[in-house]
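Trainee: Residue numbers (the numbering used here), protein chains in the order written: chain A, 438 to 553; chain B, 972 to 1084.
No lab work stands behind these hints, which were simulated from the structure alone.
Careful: at least some of the hints might be erroneous.
Unchecked claim - Distance ranges between label pairs, derived from CB positions:
1) A/Pro498 x B/Thr1042: 24 to 34 Å
2) B/Asn973 x A/Glu522: 16 to 26 Å
3) A/Ser524 x B/Asn973: 21 to 31 Å
4) B/Arg1079 x A/Val449: 19 to 29 Å
5) A/Asp455 x B/Ala988: 17 to 27 Å
6) B/Lys1031 x A/Arg518: 37 to 47 Å
7) B/Glu979 x A/Glu522: 33 to 43 Å
8) A/Asp455 x B/Lys1031: 33 to 43 Å
As the list claims (entries may be wrong) - Think about it this way: if two alpha-carbon atoms lie no more than 35 Å apart in a straight line, the pair counts; the simulated DSBU-like pairs of lysine-lysine are:
9) B/Lys1031 x A/Lys452
10) B/Lys1027 x A/Lys452
11) A/Lys454 x A/Lys494
12) B/Lys1076 x A/Lys454
13) B/Lys1023 x A/Lys448
From the three backbone atoms N, C-alpha and C, an ideal C-beta is built for every residue, glycine too.
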Amino acid sequence: GAGVSQSPSNKVTEKGKDVELRCDPISGHTALYWYRQSLGQGLEFLIYFQGNSAPDKSGLPSDRFSAERTGGSVSTLTIQRTQQEDSAVYLCASSVPSGGVADTQYFGPGTRLTVL
Amino acid sequence: GNSVTQMEGPVTLSEEAFLTINCTYTATGYPSLFWYVQYPGEGLQLLLKATKADDKGSNKGFEATYRKETTSFHLEKGSVQVSDSAVYFCALSDHSGNTPLVFGKGTRLSVIA
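Extracted from the complex, chain A is given alone in its bound form (with noise of 0.2 Å):
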């Protein structure tokens, strides 16, 4: 079946402009992670969606960076006035709860974000 799927795969901006990045999870996943990698931090956590809860915005470095999430199944994770620092590969996951115990989280391919 398919999997995660994120774009754009790779995205080049300037210091300044917004950008928005999408993840499909895969179909019937009701939890969705986004997470950011860089050279310097390594793999982050950024925000969680799970069902119709509030989402988890704790690790959000700032309030630059937004996500949402519609219908229960797309992503969207927005950057405003974006800055040379949040070059990264932004990874997206999702999985199935299966009741009190971690689940199996299936990774996108990542979308590389360059800002210039």
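Go by the hints and put chain B onto chain A.
Mentor: Quick look at chain B alone, frame taken from chain A:
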């Protein structure tokens, strides 16, 4: 807070050598532990996992045992192949349910023929 520490790379081995990548963790409660692998040009894939103490996860010849007494989850393989060349990430998840993964910084493995 929760954290994962894994051995620094890169690691370079000859084909058929024995592999160990060390991973230790700090967590409250009883986390689940994972090894993810990222092959060149590909996304992160789950390699194996263990959800409670003394569990052994295994896949593709790789093994890791959840050791609560030493807070460790070391990855091992008896005989590596060139195709095992990749970056390996140790991670944990709070056992209270589906929560974000906390990753180690990754270890790059290169296997030469």
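Trainee: Output the indices of the hints that this structure fails to meet, ascending.
Mentor: As far as the earlier hints go, 5, 7, 9, 10 and 13 are violated by this structure, in ascending order.
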